[in-house]
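Undergrad: Residue-level listing of the chains:
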Amino acid sequence: MKLQQLSVFCENKPGRLLEPVRLLARAGVDLRALTLADTEKFGILRLIVRDWQEARQLLQSAGAVVKVTEVIAVEVPDRPGGLAEVLERLDGSGINIEYMYAFPYVRGERAVLVFRFDDTDGAIRCLTAGGIRVLERTELDGF
Amino acid sequence: MPGAYPAMSVDATRTAARFHPSSAADFLPRPLLAQVQTGRLCETLERTFASVPAWREKMRAAGISSGAVRSLADLPKLPFTTKSDLRDAYPFGLFASPMEQIVRLHASSGTTGKPIVVAYTREDVHVWTSVMIRSFAMAGVHAGDVVQNAYGYGLFTGGLGAHYGAEGLGATVIPASGGNTERQILVMKDFGVTVICCTPSYFLHMIDRAAQLGVDLRELPVRIGIFGAEPWTEAMRRRIQNLAGIRAFDIYGLSEIIGPGVAMECECREGLHVFEDHFYPEVVDPGTGEPLPDGEEGELVLTTLTKRAMPVIRYRTRDITALIPEPCSCGRTLRRIRRIGRRSDDMLIVRGVNVFPSQVEAALLEVEHTLPHYQIVLTRAHGLDQMEVQVEVTPETFSDRVSAMEQLSGKIAEALERVLGLRVQVTLVEPNTIARSEGKARRVVDRRSAV
Chain G
1 MKLQQLSVFC
11 ENKPGRLLEP
21 VRLLARAGVD
31 LRALTLADTE
41 KFGILRLIVR
51 DWQEARQLLQ
61 SAGAVVKVTE
71 VIAVEVPDRP
81 GGLAEVLERL
91 DGSGINIEYM
101 YAFPYVRGER
111 AVLVFRFDDT
121 DGAIRCLTAG
131 GIRVLERTEL
141 DGF
Chain Y
144 MPGAYPAMSV
154 DATRTAARFH
164 PSSAADFLPR
174 PLLAQVQTGR
184 LCETLERTFA
194 SVPAWREKMR
204 AAGISSGAVR
214 SLADLPKLPF
224 TTKSDLRDAY
234 PFGLFASPME
244 QIVRLHASSG
254 TTGKPIVVAY
264 TREDVHVWTS
274 VMIRSFAMAG
284 VHAGDVVQNA
294 YGYGLFTGGL
304 GAHYGAEGLG
314 ATVIPASGGN
324 TERQILVMKD
334 FGVTVICCTP
344 SYFLHMIDRA
354 AQLGVDLREL
364 PVRIGIFGAE
374 PWTEAMRRRI
384 QNLAGIRAFD
394 IYGLSEIIGP
404 GVAMECECRE
414 GLHVFEDHFY
424 PEVVDPGTGE
434 PLPDGEEGEL
444 VLTTLTKRAM
454 PVIRYRTRDI
464 TALIPEPCSC
474 GRTLRRIRRI
484 GRRSDDMLIV
494 RGVNVFPSQV
504 EAALLEVEHT
514 LPHYQIVLTR
524 AHGLDQMEVQ
534 VEVTPETFSD
544 RVSAMEQLSG
554 KIAEALERVL
564 GLRVQVTLVE
574 PNTIARSEGK
584 ARRVVDRRSA
594 V
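Chains as they are written, first to last, in our numbering: chain G, 1 to 143; chain Y, 144 to 594.
For reference, chain Y alone in the conformation it holds in the complex:
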C-alpha cells in the first residue's frame, strides 16, 4: 500500500545509518528489561554471597538469608555498600573472581588515605566498552569521528573507559590524556578533531588557553564535547557551547561501579539515561536510607547487575539526584536521572550553616553571568569558622577603576550572603592562580582542622 509509511527524511536515514547495534538495548520494552534485570540481579547476589566473604558476613550481621531477594522490589531489604566498605577491603577484599580471570585493575583517586581498587574480568571490560559505545552513540558520535580523549590515562578509569568505547564505536581515537594544554589545542586544530572528551573544568581551561593563543575553537570542526567526572552546571554548559561552538553532553560514572558509562545524556539532554540493563538505580533519603519514589530528590544508590570481578550491591554514591518518572522523548526506555549538581558529602558546615559549593556557583553566576574559577577556603580564627571565596578576575570583569573592582567584590559578597545566609569574605585573585588539577577542579580547601 503505497503511502502507508511516510518516506524517511534525510535526517532519519542518516540516524538509521549511524545507529549502532549496541544501542538496541537502550530501547528494550520495560517488562522485558525488568525480566533481564531480575535474572541478572539474582545471579549477581548468588555469586557475591558465594564468593565474597565480606559480603556474606554483612548479610549475616543484618540477619538476611541469601535467598531473601527474588525480585527488584526486594532489593531495599539488603544492606548498603559504602565507600568505607570498599576502602576497608583494600586492596582485593571484594573480588568475586580469582586473579587469573582478572584482566585489569584500576584505582580511585583516593583523596584521603588508601585508594579503592577495582577489578575487571574480560567480560567486565566488554560490558564497559559496550556501555561506552552506547554513550558515544547517544551523543551522536559515529564511525568517522575523530575523538580527542583528554581524560587521564592510568589508574583513573576515565581515560581507558572513553578510549575503548570510542574505538569500539569505530571512531578514530587520539589518546591525548590530560595536561599539556598547548599541545591539546595543537592536536585539536591540526588533527581534524570532531569530538572532545575531558572534565568540563579542564575544557574551560582549554578554551581560555586557546583564546590566549589566538585560536578560536568555534572555527574548528570539533562539534561534540563529552564531559564528566565532576558536577557541572547548565551555565557552564552554555559558556562551553558559546565559546567553543560545540554541543556539550554530560556523562556519569564512578570507578566503584565501572567507570564512565553508568549514565549518559541523549540528544534531548533532559537527564541522563542509566544503562539499567547493567546498573540498577535507586534513590534513597540520604539521612534515613529509605527508598524514595521516582521524582523525589535523594542519594543515588547503584547495584551492578553484570559485574563479574567486583560486583557492588546497593552502593551509596553520595551523588544527589532524582529518577525522572516520565519517559524520554528520544524513545529510549532506560530511565533517566537528573543531572548531578551536588554530592551529599560536598556539604560544608560553616558556623552551623549548611553550605553547598553549588550555592556559591549560583551566587557567582548571578553577578558575573558566567562562572569564573573560584575556590572556597575555610579557616578558623578565634574559635569561629571563617569562609573566604577567592574569585579569579576575568577580562570581562576587570576594570581599570578601583571603585568598579570594589563594587564587583561587594556585589559578590552580597549575592553570597543572600544565597547562604552567611557573611563571607570575597577576595579577587589574579587569573590562573587557583590550582586546576588536570582532573577535577578543587573547589574547597578546608584548613579548619589544621588550626
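Looking at chain G on its own, in the form it has when it is part of the complex:
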C-alpha cells in the first residue's frame, strides 16, 4: 500500500535539476511521478520510480542527499470533484496532509493522487474504509 518516494535536495540554480534526472536517465530508471517543491533558495525534488533502491544507490553514489519517505497513491476519476471526494473521507480524522501532487492517467480517464500524510497508516485506514482504492506499488507500473 505504501510507496517509497525519493526526495533529493537541489539548490535553486540553473542546471541543478538536470543532474539527478540525467543520472537516472542514463541508468535507464523509469520515472513514475515527479514533482519539484521550490522555494526562493532551494528545491526538493520528489520522485517515484520503479526500482527505488537502485535509484537511491545511484543518486547517493553521485553524492546527493536522498531521503526515502513513505507516501500513498490513490486513483480517482479524472473529473471535477475527484480530489474533493478523497479529502472528504479524511475530514474530521485529524490527519494532516504534509503535501500532495497529482498526475492524470492518460490512457483512461483516471487520475493518480500522491499524498504524504503525517499519519500514513491512519490515512490508509480512513481512505479504505471510505471506499477509496489505495494503489499497490505494482499498479503504478502500468501508468
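Don't read these hints as lab results, they were simulated from the structure.
Here are the computed lysine-lysine pairs in the DSS-like style, where the Cα-Cα straight-line distance is at most 30 Å:
no., chain 1, residue 1, chain 2, residue 2
1, G, K67, Y, K554
2, G, K13, Y, K554
3, Y, K201, Y, K257
Here the structure of chain G is known, so what remains is to put chain Y in place on it, guided by the hints.
TA: Chain Y alone, transformed into the frame defined by chain G:
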C-alpha cells in the same frame, strides 16, 4: 624484599615494551630541561647573530647587543620574527648554514604572494624525525603498526615529516599522500591499516566517501588517527571517533619552525605537549606583544633551540592558545599548550564586529549537533559588508518537507545571530559543493575587496 614493588600489570609491561628510547626526553626533570634549554638558546642566538645578516640588522635596529640574553628569562628582550620577515627574506635570506650543508628545502603553501622557504641540515632532519617519533609514540603508535600517511608529500612539510617519524619508529608506512579518496579507502581496507595521518577535514571527507561506498570504518583495524595542519574542535573529534571507531589525536606544527612535531597530545588528550627541548614556547598578548603568565590565553611565540639551517627566534605563530601550568597526569614534564581553536589572523571584521570562524562552528554545532561542511562568504553591497554562511545539507538534516528545511536554516540564522550579534544570511547548499582542498578546508571566502 618481596612485595616492596607491586608486580607490573600486563598493561604496564606492554607500555614498557613499547616505550621508545627517543621519548626519554619527554620526562626530563624540569631543572635539567631548563639547563638544556638555556645552553641551546645561547648557542642558537650566537650562531644566528654571527651568520644571518638580517637578524644582526634587526638586533641593531632594536638596540640590543648580541650578549643581552643569558637566560630564558631574558628572551622577551629580543624582537619578534613575523611571517612577513620570513617572506621578505625569500628565498634563502635567513639561512644560517651554507648551502652545501643543507639537505632539504620545503616551502609553505603561500596563500598570498611568494611562499616561505625553509631549510634543513642533516641534523635538522634528524631532530625533526626524533620529535615525530616522540609524537607517534605519545599517541600509542609502535613498531608493527601500519601507518597510512595521507598528508600531502611535496613542498608541504606534513607528508615527509610524518613519513620519517613513522618509519623511524619502526612502523610500516604507506606513503599514500593526499587525494584519490576511493583509493585511500581501498588501501585502508586491504592493507590492514592501524594508524591514519591526515588533516581532520580530509578524514571527515574520507568517512563520508566510505559510507557512500558501503565501507564501515568501525569494522576495520584502524585504531588511531593523528590529525593536524588545521584547527579542529572537540565536536569534530567526537564525530570522527564515533564514525570511524578510532582514537583521534591532535598534532601541532608549522613549517616555519620545523613542520609537524612541535607539539602533540598524549593519551590524556588534555592539551599538547610542546617538545620544549627543541622549541621554546611563550604566550604573548597579540595586541601589545607583552609576555603573559601561564594559563592566560594569547598568541603562541616559538623559538627554535636546535635548528641549524634556519633558526627562528620569537616567531609570532598567530595561533591563539595558553600554556597549561599544571603538570600532565601522563608523567611527561614537557609543558602543554591548549588545543588551538583560532588564529589571531582568522579574525574577520564584519560591519565592525569581530567574527571568528570558530564562533560560526559553535552555532552550527548547537543546531545540528555535528559539524557540517560550511563556508563563510563575505561580499559588499551598497557599501555594507554582507556575510553569508553556506551550509551543506547532510542526510541527518535533510527532510522532504519544505517547512522543515526552512526551519533548519532559520534556526541556524538565529543561533548565528546569538553568537555573533550579527544578522547573517544562511544558504543551504547541496552536499560536496563546498570545495575541499586536499589539505586545509577553506572556511572563508572574502570577496569584499573585489567589489
